[in-house]
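Novice: In our numbering, each residue's number is its place in the sequence shown (first place is 1) plus 1259.
Since the hints were derived computationally from the structure, they do not count as laboratory data.
A quick note: this is a predicted structure, and the numbers were derived from the prediction, not measured.
There may be inaccurate statements among the hints.
[Unchecked claim] Here are the simulated DSS-like cross-link-like pairs (lysine-lysine), alpha carbons at most 25 Å apart as the crow flies: (1) K1358 x K1385; (2) K1430 x K1406; (3) K1385 x K1406; (4) K1406 x K1358; (5) K1431 x K1394; (6) K1279 x K1431; (7) K1358 x K1325; (8) K1358 x K1394; (9) K1406 x K1431; (10) K1394 x K1325; (11) K1325 x K1385; (12) K1406 x K1394; (13) K1406 x K1325.
[Stated by the list, open to error] What follows is a list of derived Cβ distance ranges for each label pair: (14) K1325 x S1271: 20 to 28 Å; (15) F1397 x K1325: 14 to 22 Å; (16) F1407 x A1359: 29 to 37 Å; (17) S1363 x A1447: 47 to 55 Å; (18) Y1383 x V1292: 20 to 28 Å; (19) M1319 x H1290: 25 to 33 Å.
Every residue gets a Cβ at the ideal spot worked out from N, C-alpha and C, and that includes glycine.
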Amino acid sequence: MSKNGIVCFAESELLRLEEKCKEGEGREMQHFVTESVLDLVRAFSNQGHSGFSASYCLDMFFRLAKHKPATALTGEDGEWEDVGDGEEQNRRCPSVFRKAGDNSTAHDLDAVSFSDNGGHSWFYNKGLHERFAPKVEFPYYPPARPKFVYIRWVGVDHERFVDITNDEEAKKLLYEEHDRILREDEDARFRASRGRRANTESEGPNA
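Let the hints inform the model, and build the full structure from the sequences given.
Specialist: Structure, rendered in structure tokens:
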């Protein structure tokens, strides 16, 4: 794809995405992101990359933009900063922590991300993280992307969960259920807003 072709493709796709956004803050935010991404695409298209260097450049940019180091963490004392309560944060990768100078306690908060709504949104949970996150051993090369784990809460108080990461049907059903709830909430807000507007109009400015 030519330089202009890449930019035109990005413009077309981002415009399509923008048009799907509703009027208001959502569209304004998307327009801001559209312009920001296009600036990056234009800069990238002018750099004259080959196929290999383009892929390497994109991978490295993604890592650094996510504040992930270009080379492995060593675990040496100079990499750490005391953040209080006996905990230290890695200067080169702020998602990595250890306790009391002990590398065996090191953990990466970004190593795993969880979703309980089929992938609509993602969150961090300390208990789940301790169960699913791989052990940090130095030298450690933090992943640019987390391991994604899908769960479904069970029990009256959601005290237990089921790992459904490999169950495509369960993930689909959970996603659709959350989608339905979001639509119902949006419809309820719309009806409430329309009701308030109707009351205002019926009362008039001098009511």
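Novice: Hint by hint, note whether the structure agrees.
Specialist: Going down the list of hints, with the structure as the test:
Straight-line distance between C-alpha atoms of K1358 and K1385 comes to about 15 Å, which keeps the hinted pair within the 25 Å bound. Taken as a hint, the K1430 and K1406 pair is honoured in the structure, with Cα atoms around 16 Å apart against an allowance of 25 Å. Proposed proximity of K1385 and K1406 is supported: the alpha carbons are some 15 Å apart, at most 25 Å. With a C-alpha separation of about 23 Å, the suggested pair K1406 and K1358 falls inside the 25 Å cut-off, and the hint holds.
A hinted pair counts as satisfied when its Cα atoms are at most 25 Å apart, and K1431 with K1394 does not qualify at roughly 30 Å. Between K1279 and K1431 the alpha-carbon distance is near 22 Å, which keeps this suggested pair within the 25 Å criterion. For the given pair, K1358 sits about 24 Å from K1325 by alpha-carbon distance, which is consistent with the 25 Å threshold. Taken as a hint, the K1358 and K1394 pair is honoured in the structure, with Cα atoms around 14 Å apart against an allowance of 25 Å.
For the given pair, K1406 sits about 19 Å from K1431 by alpha-carbon distance, which is consistent with the 25 Å threshold. Between K1394 and K1325 the alpha-carbon distance is near 21 Å, which keeps this suggested pair within the 25 Å criterion. Under the criterion of a C-alpha separation no larger than 25 Å, the hint pairing K1325 with K1385 is consistent with the structure, at around 21 Å. At most 25 Å may separate the alpha-carbon atoms for a hinted pair to count; K1406 and K1394 meet this at roughly 13 Å.
About 15 Å separates the Cα atoms of K1406 and K1325, which keeps this hinted pair within 25 Å; it holds. K1325 and S1271 have their C-beta atoms about 26 Å apart, which keeps the hinted 20 to 28 Å range intact. Taking 14 to 22 Å as the suggested C-beta distance range, the pair F1397 and K1325 conforms, at roughly 20 Å. Checked against the hint of 29 to 37 Å, the pair F1407 and A1359 passes, with Cβ atoms roughly 31 Å apart.
Against the hinted window of 47 to 55 Å, the Cβ-Cβ separation of S1363 and A1447 comes to about 51 Å, which satisfies the hint. Checking the proposed 20 to 28 Å range against Y1383 and V1292 shows it holds: the Cβ atoms sit about 24 Å from each other. Checked against the given bound of 25 to 33 Å, the beta carbons of M1319 and H1290, roughly 28 Å apart, stay inside it.
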